[in-house]
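Number of protein chains: 2
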Amino acid sequence: MPELRKDPITGRWVIIATERAKRPSDFAREAVVSRNGHFCPFCPGNELKTPPEILAYRNGGGANQPGWQVRVVPNKFPALRVEGELSREGAGMYDRISGVGAHEVLIETPEHGQTLSTMDEKRVADLFWAFRDRVLDLKKDVRLRYILLFKNHGEAAGASLEHPHSQLIALPVVPKRVQEELEGSRRHWKHKERCIYCDILHEEIHDHSRVILESDHFLVIAPYAARFPFECWILPKLHHSHVESISPPAIQNLGGVLQKTLRKLDRTLELPPYNFIVHTAPVQEPAMPYYHWHIEVIPKLTRVAGFEWGSGFHINPTPPEEAAMYLREGTP
Amino acid sequence: MPELRKDPITGRWVIIATERAKRPSDFAREAVVSRNGHFCPFCPGNELKTPPEILAYRNGGGANQPGWQVRVVPNKFPALRVEGELSREGAGMYDRISGVGAHEVLIETPEHGQTLSTMDEKRVADLFWAFRDRVLDLKKDVRLRYILLFKNHGEAAGASLEHPHSQLIALPVVPKRVQEELEGSRRHWKHKERCIYCDILHEEIHDHSRVILESDHFLVIAPYAARFPFECWILPKLHHSHVESISPPAIQNLGGVLQKTLRKLDRTLELPPYNFIVHTAPVQEPAMPYYHWHIEVIPKLTRVAGFEWGSGFHINPTPPEEAAMYLREGTP
Chain F
1 MPELRKDPIT GRWVIIATER AKRPSDFARE AVVSRNGHFC PFCPGNELKT PPEILAYRNG
61 GGANQPGWQV RVVPNKFPAL RVEGELSREG AGMYDRISGV GAHEVLIETP EHGQTLSTMD
121 EKRVADLFWA FRDRVLDLKK DVRLRYILLF KNHGEAAGAS LEHPHSQLIA LPVVPKRVQE
181 ELEGSRRHWK HKERCIYCDI LHEEIHDHSR VILESDHFLV IAPYAARFPF ECWILPKLHH
241 SHVESISPPA IQNLGGVLQK TLRKLDRTLE LPPYNFIVHT APVQEPAMPY YHWHIEVIPK
301 LTRVAGFEWG SGFHINPTPP EEAAMYLREG TP
Chain C
1 MPELRKDPIT GRWVIIATER AKRPSDFARE AVVSRNGHFC PFCPGNELKT PPEILAYRNG
61 GGANQPGWQV RVVPNKFPAL RVEGELSREG AGMYDRISGV GAHEVLIETP EHGQTLSTMD
121 EKRVADLFWA FRDRVLDLKK DVRLRYILLF KNHGEAAGAS LEHPHSQLIA LPVVPKRVQE
181 ELEGSRRHWK HKERCIYCDI LHEEIHDHSR VILESDHFLV IAPYAARFPF ECWILPKLHH
241 SHVESISPPA IQNLGGVLQK TLRKLDRTLE LPPYNFIVHT APVQEPAMPY YHWHIEVIPK
301 LTRVAGFEWG SGFHINPTPP EEAAMYLREG TP
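Chains F and C supply the protein sequences, listed in that same order. At the far end of the first sequence sits residue 332, using the working numbering, and the numbering has no gaps. At the far end of the second sequence sits residue 332, using the working numbering, and the numbering has no gaps.
By construction, these hints were calculated from the structure, which means they are not laboratory data. This structure is a prediction, so every number in the text was calculated from the model and none was measured. It is possible that some hints are incorrect.
Treat identical chains as interchangeable: a pair holds within one or across any two.
[Unchecked claim] Taking lysine-lysine pairs in the DSS-like style, the calculated list, with each CA pair at most 25 Å apart, reads:
| no. | residue 1 | residue 2 |
| --- | --- | --- |
| 1 | K190 | K6 |
| 2 | K139 | K6 |
| 3 | K192 | K6 |
| 4 | K176 | K6 |
| 5 | K190 | K176 |
| 6 | K190 | K140 |
| 7 | K122 | K76 |
| 8 | K22 | K140 |
| 9 | K49 | K76 |
| 10 | K237 | K6 |
| 11 | K237 | K190 |
| 12 | K22 | K76 |
| 13 | K176 | K140 |
The task is simple: from the sequences and hints, build the whole structure.
In structure tokens form, the structure reads like this:
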């Protein structure tokens, strides 16, 4: 069973894969396989090549048959498993938890050659409907404290399969970066009795130099202290700490906003690899006045130097005001 | 002038390059240049192609002439500059500091084709002598709070030039990851009145399953909650919070320990790209009983998926006990 281990100094949790552990020679082999894949397990007709589906939106066909628009299946090589006891134990001076959780794949479209930026915006919205459905289901399991939704697009961004898909990881711990955001925004609330993300929305709409696009329900900005060139944040205008509180009209609107944002990145940066990640509050906690869910989109343009990993310190070669200007003006 | 910006939520500082800002088309162009470089500005005879040297250890020759063994020069495209006022100011709701600091390159050997793992261990030690000399000089500038020493080895790890070199960045702020280590180790000290790194040394020597090598002055381990496969930490056995407190015999010993560690990585993982980074206490602070300087070495074996960036949450496919076993046994 995989396990979670806690760094005793910083308190960061890490998943250690103990079962299908990679040996030195596996790292080279992997690269070759991902380059030469012909067969696609996510294409219609190959439904039996994935574990049985957990959820599907369909126009026709039965479970695990073609006819779906969006399909959610367990990851075939999960980082965590739903089965098993959640046990916390010491290991010498260290702490660990059994690797209980969920790891699912959201197949975004039956069409292999599409991307979120070429798909119809209603289909992009379906991804968030499916995510919301999965969060509402998974949060019933009180062992699960946090649900991450993320996408790796392109090989350089970590995607091992080309067919458009996102991933969901449900964890028995809260990731460090989320903890930092919760602490930082709680500090601001204590001081000002305002949500810091609501303050950022207000400031950015007023200032306008970092605005990429604005819709009824969302503001897309290049954040003031962007870590990466052309990093974008999608902020909902209405305050909710949890993504699953999003209203149906806002979900529909988000489909178009994400599609347009990715289309702008595609045009400005020539189809870059990218990642996005939904930042939301821990699922077992009540609504918070100080935290505000949002999406961070990071195009993979530079090789990240190790010192940025090691230090948590970033050098961003493109001022966010310039990034916003290019993206704002490169109209979709 | 470059500037430092603070993320208002997490408090993380970022360098924003405002002068030589990269436009969208620069990202593609850059990749091509780094692949086809023929001329090497770091090779002997080309000393005038770098800014004038700050420090050199030589067998002969005058300043900025051949005859050096190690040579330290300002980075030609610095992320920060020593000139200018250190000004702190608000920008709407945000905070920024002018980009005052230093960015230097430590050229590790005159021989273009060498690496730290093929060089004589005395020459590897020279890198740390030079780093110590530079820290002792730079810390006189009280605007500088932190000095990062790091190395990017190989293109995939962020190196833009092949000739062996490390880099030093002196900052007017303390990087987030270091702050976290300082806070975490201070917490342990309050609770136990012991240094957590000294505890880790004790635990790892006793347990032995994660030990990669041990010398008179250092222990090299695969850390318990390693974020990356084959991540290695080099821990000095003697407690010092600041790397510049290292004794001359320990510097000599470190040359051999780093060389052997890199040689083990080279043999086990077939010459992987890697990064290392020296973690040390902020230069203007007095010696701390709770913090312990050390070096983290990270081979670049997997593409880091964006969700790891976004969440601070890592999945490591190789248990550190197995990584240590391969590295321990693959004798240099």
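How the hints compare with the structure:
no.: 1; hint: K190 x K6; verdict: between (29 Å within a copy, 19 Å between copies)
no.: 2; hint: K139 x K6; verdict: within (23 Å within a copy, 34 Å between copies)
no.: 3; hint: K192 x K6; verdict: between (33 Å within a copy, 18 Å between copies)
no.: 4; hint: K176 x K6; verdict: both (11 Å within a copy, 18 Å between copies)
no.: 5; hint: K190 x K176; verdict: both (21 Å within a copy, 22 Å between copies)
no.: 6; hint: K190 x K140; verdict: neither (31 Å within a copy, 38 Å between copies)
no.: 7; hint: K122 x K76; verdict: neither (28 Å within a copy, 49 Å between copies)
no.: 8; hint: K22 x K140; verdict: neither (33 Å within a copy, 47 Å between copies)
no.: 9; hint: K49 x K76; verdict: within (9 Å within a copy, 53 Å between copies)
no.: 10; hint: K237 x K6; verdict: between (35 Å within a copy, 23 Å between copies)
no.: 11; hint: K237 x K190; verdict: within (21 Å within a copy, 43 Å between copies)
no.: 12; hint: K22 x K76; verdict: within (16 Å within a copy, 40 Å between copies)
no.: 13; hint: K176 x K140; verdict: within (23 Å within a copy, 35 Å between copies)
Of the numbered hints given earlier, the model fails hints 6, 7 and 8; all others are met.
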